[in-house]
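Novice: For the protein sequence lines, the chains are E and B, in the order given. Letter by letter, the first sequence follows residues 1 to 339 in this note's numbering. Letter by letter, the second sequence follows residues 340 to 584 in this note's numbering.
Source of the hints: derived by calculation from the structure; they are not laboratory data. For every residue, glycine included, the Cβ atom is placed at its ideal position computed from N, Cα and C. Errors might be hidden in some of the hints.
[Stated by the list, open to error] Here are the computed lysine to any residue pairs in the SDA-like style, where the Cα-Cα straight-line distance is at most 25 Å: (1) B:Lys412 with B:Asp364; (2) E:Lys202 with B:Asp364; (3) B:Lys466 with B:Gln415; (4) E:Lys226 with B:Leu490; (5) E:Lys226 with B:Tyr418; (6) E:Lys202 with E:Gly29; (7) E:Lys202 with B:Gly453; (8) E:Lys166 with E:Asn324; (9) E:Lys78 with E:Lys202; (10) E:Lys202 with B:Gln502; (11) E:Lys202 with B:Arg433; (12) B:Lys466 with B:Leu490.
[What the hints assert, rightly or not] Quick list of the computed label-pair ranges, beta carbon to beta carbon: (13) E:Thr197 with B:Asp521: 44 to 50 Å; (14) E:Thr251 with B:Thr481: 49 to 55 Å; (15) B:Arg433 with E:Ile10: 26 to 32 Å; (16) E:Leu329 with B:Glu406: 48 to 54 Å; (17) B:Thr559 with E:Thr197: 24 to 30 Å; (18) E:Leu9 with B:Ser475: 53 to 59 Å; (19) E:Gly132 with B:Arg545: 39 to 45 Å; (20) B:Asp458 with E:Tyr163: 37 to 43 Å; (21) B:His542 with E:Thr148: 52 to 58 Å; (22) B:Arg433 with E:Tyr102: 41 to 47 Å; (23) E:Thr197 with B:Asp552: 36 to 42 Å; (24) E:Ala25 with B:Asp458: 40 to 46 Å.
[Unchecked claim] Coverage of chain E stretches by chain B, computed from C-beta distances (three or more under 8 Å per stretch; other residues unrestricted): (25) 199–209; (26) 222–232.
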Amino acid sequence: MNRSNLLFLIGLVAAGLLILFGVRAMGGGYYQLVAFYILQYVVLATAWNILGGYGGYVNFGSAGFFAIGAYSTVFFNKFLGIQALKMIDLGLVTITAPFIPYLVVPAAVLAGALFAGLVGLGTGYLTLRLRGVFFAISTLALAVVAQTVVLNWSYVGGARGAYVIKPPAVAGFSSVTEFVLVSMLVIALVSIWIARTIERNKLGVGLLAIRDDEDSAECAGVPTLKLKLQATMISGALMGAAGAVFPFFVTYVDPIGAFNLVHTVNSIAMPLIGGMTHWAGPVVGAVLLGGVQQYFGSKNIITPELSLLVVGALMMVFVAVAPNGILGLFKRFWAWWRR
Amino acid sequence: MTDRLLNVTGLHKRFGGFVVLNGIDFHVNRGERVGLIGPNGSGKSTMVNCLSGVIPIDAGTIDFGGERLDGLKPHQRAYRGLARSFQIPRPFFRMSVLENVRVSMMFAAGHRAGRSLSDREIDTGAKHALDQVGLSARLANTAGDLTQIDLRKLELARAIATQPRLLIADESMAGLAASETDEILALLLELNRQGVAIIMIEHIMRAVSSFADRLVVLATGAKIADGPTSAVLSDPLVERIYLGD
Chain E
1 MNRSNLLFLI
11 GLVAAGLLIL
21 FGVRAMGGGY
31 YQLVAFYILQ
41 YVVLATAWNI
51 LGGYGGYVNF
61 GSAGFFAIGA
71 YSTVFFNKFL
81 GIQALKMIDL
91 GLVTITAPFI
101 PYLVVPAAVL
111 AGALFAGLVG
121 LGTGYLTLRL
131 RGVFFAISTL
141 ALAVVAQTVV
151 LNWSYVGGAR
161 GAYVIKPPAV
171 AGFSSVTEFV
181 LVSMLVIALV
191 SIWIARTIER
201 NKLGVGLLAI
211 RDDEDSAECA
221 GVPTLKLKLQ
231 ATMISGALMG
241 AAGAVFPFFV
251 TYVDPIGAFN
261 LVHTVNSIAM
271 PLIGGMTHWA
281 GPVVGAVLLG
291 GVQQYFGSKN
301 IITPELSLLV
311 VGALMMVFVA
321 VAPNGILGLF
331 KRFWAWWRR
Chain B
340 MTDRLLNVTG
350 LHKRFGGFVV
360 LNGIDFHVNR
370 GERVGLIGPN
380 GSGKSTMVNC
390 LSGVIPIDAG
400 TIDFGGERLD
410 GLKPHQRAYR
420 GLARSFQIPR
430 PFFRMSVLEN
440 VRVSMMFAAG
450 HRAGRSLSDR
460 EIDTGAKHAL
470 DQVGLSARLA
480 NTAGDLTQID
490 LRKLELARAI
500 ATQPRLLIAD
510 ESMAGLAASE
520 TDEILALLLE
530 LNRQGVAIIM
540 IEHIMRAVSS
550 FADRLVVLAT
560 GAKIADGPTS
570 AVLSDPLVER
580 IYLGD
């Protein structure tokens, strides 16, 4: 690992610990909810940005990928009877109840990421020959199709939704909620690491070339379809991973919540507002927009519906005034300052 | 070993009911300088797009260095050494000049080398290509800020960085002043001296006649002449169809 990567890793771990102990210091409770909400959007925005920001392919299906992750947790929870488990006997080791979440949550995350990643790959294969608005519409269709399937699938609760009951305790954590929060925190940090790594390797360079001119990129040797498929799969997998943790936190999942338009709008708005050409853009956007939404929501200043309206208006303002987002504004200011 | 690098037979392309290329046969030898000319709408740009794989052909074969290219994607053709520039420059506008050329080095040159090139190799190769076209002083400029002549040079630098065996220069001199045309011409001649075969598509007859060893003339989707430059230019049919009565 080179020095830059090592320093970045140390920074990520430090930021993670700061968030964890910061939330603890504030007394958990409501602050755990705020932190979870923001971290969830850090993942969704970062994941969306891999295809949408770097590659210029606008994905309106974020809610679909997120919900696939959430429902994979619901499915396996029921199918494997995880809720009723008091211990897991693996032969050499027996895992007792307080340690079961250490196995179950990461397994759910992997399963959610795998399913959403595969759906991303399949969707990408069918749709990535389309460009521009045609691709965007096809991803919107993915979310609609997935929602229709879930609505009519009684095994995972159908329109009623399904409960995922939290285990009573987790060893080493003050509460199960804190453990789930840490799980989302880890996914967020891993997402940021992945986005930064992509940005600096062939995949990122190729996606930036695709965003500017796809034919020209092809003629320069960029295997555009292959890179777009990789990006869609990684992006979908990260969204699925975030979705897989969601049921453990809220304990109840229904199609309206899992496929909520808010997930899609926020995952587009946050990179747009933060800046789409750098891994930090979606993070800045998620923290600012997510924080503001939570603050106004908690004070009953703004309803969730009105919040969407505000997000839409902000998107329009940024597209018109600062198309490179807050990071772009900062860069411009920095260039002006150094002149 | 045959001297033939590119061999096109029976190339056919139609858009709906409109036949743009009607059974074109032509070839390019290794290291040759070929001019592809024809009036507007004769099918030159479609030919370039078909050869580079940007649009699929309807019928015919494209053989390059003994390998069939038809059916391959543009990047796969670039890996085999077929490069093109665009008539209207299409750089990666938000990238710097150096980053633009790095893309070609990273993907096409890397593939041709059979391994991932190191950052240093990519930088060195990209800077060398930019040096060849005289853009060394503009490495950090954003491509979107370049002048027309510099954009043309950048197009060529990106193509050069793919380390081509054949370069299709699609109207690389369009819209340039006479002195700028000479600059591009000198650049293409130098590239050819290094062994790269070049197809020049151009309307500036002074440039084509001084550059090409051989001319291929298209008119309304058909090849009407193919031969040594001086002979083709004095062909009465070419004079009438292309140069006017």
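Novice: Of the hints given before, which are not true for this structure?
Specialist: 2, 4, 6, 8, 9, 17, 18, 20, 23
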